[in-house]
Every structure is written in structure tokens, then in C-alpha cells.
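Engineer: All chains should be modelled from the sequences, with the hints used to inform the complete structure.
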Amino acid sequence: MLLLRILCIYFLLSNFLYANDLLANENKSKSTIKALATNLKKSLKLILEESGPIAAVEYCNIAALDITNEIANQKNVFIKRTSLKLRNKSNMPDNWEINVLSNFEKRKQNGENIMDLSYQEVFKENNEAFFRYMKAIPTGQVCLTCHGSNIDSKLAYKLSELYPDDNAYNYKIGDIRGAFSVKIPLKN
Numbered sequence: 001m002l003l004l005r006i007l008c009i010y011f012l013l014s015n016f017l018y019a020n021d022l023l024a025n026e027n028k029s030k031s032t033i034k035a036l037a038t039n040l041k042k043s044l045k046l047i048l049e050e051s052g053p054i055a056a057v058e059y060c061n062i063a064a065l066d067i068t069n070e071i072a073n074q075k076n077v078f079i080k081r082t083s084l085k086l087r088n089k090s091n092m093p094d095n096w097e098i099n100v101l102s103n104f105e106k107r108k109q110n111g112e113n114i115m116d117l118s119y120q121e122v123f124k125e126n127n128e129a130f131f132r133y134m135k136a137i138p139t140g141q142v143c144l145t146c147h148g149s150n151i152d153s154k155l156a157y158k159l160s161e162l163y164p165d166d167n168a169y170n171y172k173i174g175d176i177r178g179a180f181s182v183k184i185p186l187k188n
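Here the numbering used here is used: position 48 in the sequence shown is 48, and no number is missing along the way.
No wet-lab data here; the hints were simulated from the structure.
Treat the hints with caution; some may be incorrect.
[As the list claims (entries may be wrong)] Each computed SDA-like pair below joins lysine to any residue, with the alpha-carbon atoms no more than 20 Å apart:
(1) Lys45 <-> Gln141
(2) Lys85 <-> Tyr163
(3) Lys34 <-> Asn95
(4) Lys187 <-> Leu22
(5) Lys28 <-> Lys135
(6) Lys85 <-> Ile114
(7) Lys28 <-> Asn39
(8) Lys106 <-> Asn88
(9) Lys75 <-> Asn39
(10) Lys75 <-> Glu26
(11) Lys41 <-> Gln141
(12) Lys42 <-> Gln74
(13) Lys158 <-> Val142
(14) Lys42 <-> Thr139
(15) Lys108 <-> Asn170
(16) Lys183 <-> Asp21
(17) Lys135 <-> Asn88
(18) Lys41 <-> Gln74
(19) Lys124 <-> Asn25
(20) Lys45 <-> Asp152
(21) Lys187 <-> Lys85
(22) Lys135 <-> Lys158
(23) Lys34 <-> Gln74
(24) Lys158 <-> Leu22
(25) Lys30 <-> Ile176
(26) Lys106 <-> Gly52
(27) Lys85 <-> Lys28
(28) Lys45 <-> Ile62
(29) Lys34 <-> Ala156
(30) Lys42 <-> Leu22
(31) Lys85 <-> Asp21
Here the structure is a predicted model, which means the values were calculated and not measured.
Structural biologist: Dropping the structure here:
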């Protein structure tokens with residue numbers, strides 16, 4: 001009987017600790033996304049206001065991945081922006097991300113608010129476990145400058161020069177432009 005009690009306590013305690021780890025990883029993912037989104041938005045807004053959209057695209061081409069990597073290193077996670085309609089091949093979604101992005105589209109079509117679209121899961125790959133979290137990126141008014149359907153011809157030329165395989169255009173306000181994707185290795 002004592003052994004059964006010990007096993008029950010162990011089981012309950014391990015589940016409690018596991019749930020706490022999941023919550024901690026969810027919070028870490030959210031704070032990492034917030035840091036990246038704030039940093040990118042602030043930088044792009046400043047350059048757009050001071051130098052215009054062509055300078056903003058050039059800046060984004062050079063600095064966005066560096067900013068992303070810097071925040072990933074600070075937070076000790078993997079993070080990226082990805083999409084089903086890529087601009088930068090470095091942001092190519094993996095199979096898990098493709099499935100989540102497709103699910104976001106279905107959820108949006110079923111009436112779910114785009115601002116609430118997120119997904120998390122413990123996912124195994126190559127015998128390693130990861131906490132994975134994605135949060136949808138909504139298309140706002142300022143996004144349409146570079147991602148809309150009426151892109152200025154000089155800007156369109158610059159985009160094609162920097163991103164020859166660009167598919168990240170023809171968005172409308174309220175579309176899912178992509179998602180932030182966070183991946184945190186779990187201890188065995």
C-alpha cells in the first residue's frame with residue numbers, strides 16, 4: 001500500500017512539474033516573440049519614416065535575421081519568422097510549421113480572431129524533444145507598403161532584386177502574413 005501511495009505521489013508530482021515546465025516555455029516563447037516583434041517594428045517604423053520604404057526593405061534584408069539571431073541568443077531559444085508565402089528563403093518553414101500555418105488559415109476561416117491564433121506542442125524530432133510554439137502575424141496597414149497588391153514600381157524592383165523568388169505580396173489587411181516560430185530544446 002505504501003508503494004502505491006509513493007507511486008501516486010510521484011506521478012502527480014511529475015505531472016505538476018511537467019505542466020509548470022510547459023507554462024514556463026510558453027511564457028518564454030511569448031516574451032521572445034514580443035521582444036523580436038517590438039524590435040523589428042520599432043526599427044522598420046523609424047527607417048520608413050526617416051528614409052522611406054526602399055531603405056526599409058534594404059534594412060530588413062540586411063538586419064532582420066541578425067536581430068532575430070541576437071534575440072534568440074539572448075533568450076536561449078530558436079526563433080524565426082516564417083510563412084506559406086516566403087520572401088526570404090532563410091525563413092523557409094519546416095513540415096511542422098507548414099502544418100501549423102495551414103491550421104491557422106483554417107481557424108481564421110472558421111471565424112477565430114487572428115490575434116488569438118497560436119499553437120504549442122511538445123514535438124519529437126531526431127530523438128530529441130522540443131517545446132514548439134507559433135503565433136500568427138496579422139497583416140496591418142503598414143505591412144501593405146511592401147506586402148500588398150499596389151506596391152510602388154521602384155519598391156517592387158528593389159524587392160525583386162533582393163528577393164528574386166519573392167512570394168510575400170498581394171496580402172490584404174487581416175490576412176495571416178506568417179507566424180513567429182519558437183523552438184526550445186527540452187531536457188530528457
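Engineer: Now, for every hint given, state plainly whether the structure supports it.
Structural biologist: For each hint, the structure was consulted:
1. In summary, the hint linking lysine 45 to glutamine 141 is supported, as the alpha carbons are separated by about 12 Å, within the 20 Å threshold.
2. A hinted pair counts as satisfied when its Cα atoms are at most 20 Å apart, and lysine 85 with tyrosine 163 qualifies at roughly 12 Å.
3. Annotation: proposed proximity of lysine 34 to asparagine 95 is violated, straight-line Cα distance about 24 Å (limit 20 Å).
4. Distance restraint check for lysine 187 and leucine 22: the Cα-Cα separation of roughly 12 Å lies within the 20 Å cut-off, and the hinted pair is therefore satisfied.
5. A hinted pair counts as satisfied when its Cα atoms are at most 20 Å apart, and lysine 28 with lysine 135 qualifies at roughly 13 Å.
6. Taking the CA atoms of lysine 85 and isoleucine 114, the gap is near 17 Å; set against the 20 Å cutoff, the hint holds.
7. With a CA separation close to 16 Å, the supplied pair lysine 28 and asparagine 39 stays within the 20 Å bound.
8. At roughly 24 Å between alpha-carbon atoms, lysine 106 and asparagine 88 are farther apart than 20 Å, so this suggested pair is violated.
9. A distance of roughly 14 Å separates the Cα atoms of lysine 75 and asparagine 39; the hinted pair therefore holds under the 20 Å criterion.
10. Taking the CA atoms of lysine 75 and glutamate 26, the gap is about 13 Å. The hint holds against a cut of 20 Å.
11. Restraint check for lysine 41 and glutamine 141: satisfied, since their Cα atoms lie roughly 13 Å apart, inside the 20 Å limit.
12. A threshold of 20 Å between alpha carbons decides the hint, and for lysine 42 with glutamine 74 the separation of about 18 Å falls inside it, so the pair holds.
13. Simply put, lysine 158 and valine 142 have alpha-carbon atoms about 18 Å apart, close enough for the 20 Å limit, and the pair holds.
14. Annotation: proposed proximity of lysine 42 to threonine 139 holds, straight-line Cα distance about 16 Å (limit 20 Å).
15. For a cut-off of 20 Å, the pair hint linking lysine 108 to asparagine 170 stands: about 18 Å separates their Cα positions.
16. For the given pair, lysine 183 sits about 14 Å from aspartate 21 by alpha-carbon distance, which is consistent with the 20 Å threshold.
17. Proximity of lysine 135 to asparagine 88 is assessed by CA-CA distance (about 19 Å); at most 20 Å being required, the pair is judged to hold.
18. Proximity of lysine 41 to glutamine 74 is assessed by CA-CA distance (about 18 Å); at most 20 Å being required, the pair is judged to hold.
19. Between lysine 124 and asparagine 25, the direct Cα distance comes to roughly 16 Å. Compliance with the 20 Å bound is thereby established for this hinted pair.
20. Of the pairs offered as hints, the one joining lysine 45 and aspartate 152 holds, with about 18 Å between alpha carbons and a cut-off of 20 Å not exceeded.
21. About 33 Å separates the Cα atoms of lysine 187 and lysine 85, which puts this hinted pair outside 20 Å; it is violated.
22. At roughly 29 Å between alpha-carbon atoms, lysine 135 and lysine 158 are farther apart than 20 Å, so this suggested pair is violated.
23. A threshold of 20 Å between alpha carbons decides the hint, and for lysine 34 with glutamine 74 the separation of about 13 Å falls inside it, so the pair holds.
24. Among the hinted pairs, lysine 158 with leucine 22 is inconsistent with the structure: their alpha-carbon atoms are about 43 Å apart, more than 20 Å.
25. As the CA atoms of lysine 30 and isoleucine 176 are separated by approximately 18 Å, the hinted pair is consistent with the 20 Å bound.
26. A distance of roughly 35 Å separates the Cα atoms of lysine 106 and glycine 52; the hinted pair therefore is violated under the 20 Å criterion.
27. Between the alpha carbons of lysine 85 and lysine 28 the distance comes to roughly 27 Å, so the proposed pair goes past 20 Å and is violated.
28. Taking the CA atoms of lysine 45 and isoleucine 62, the gap is near 16 Å; set against the 20 Å cutoff, the hint holds.
29. The suggested pairing of lysine 34 with alanine 156 is violated, with an alpha-carbon distance near 29 Å, which exceeds 20 Å.
30. The straight-line distance between the Cα atoms of lysine 42 and leucine 22 is roughly 30 Å, outside the 20 Å bound, and the hint therefore fails.
31. A threshold of 20 Å between alpha carbons decides the hint, and for lysine 85 with aspartate 21 the separation of about 33 Å lies outside it, so the pair is violated.
Checked against the numbered hints given earlier, this structure breaks hints 3, 8, 21, 22, 24, 26, 27, 29, 30, 31; the rest are met.
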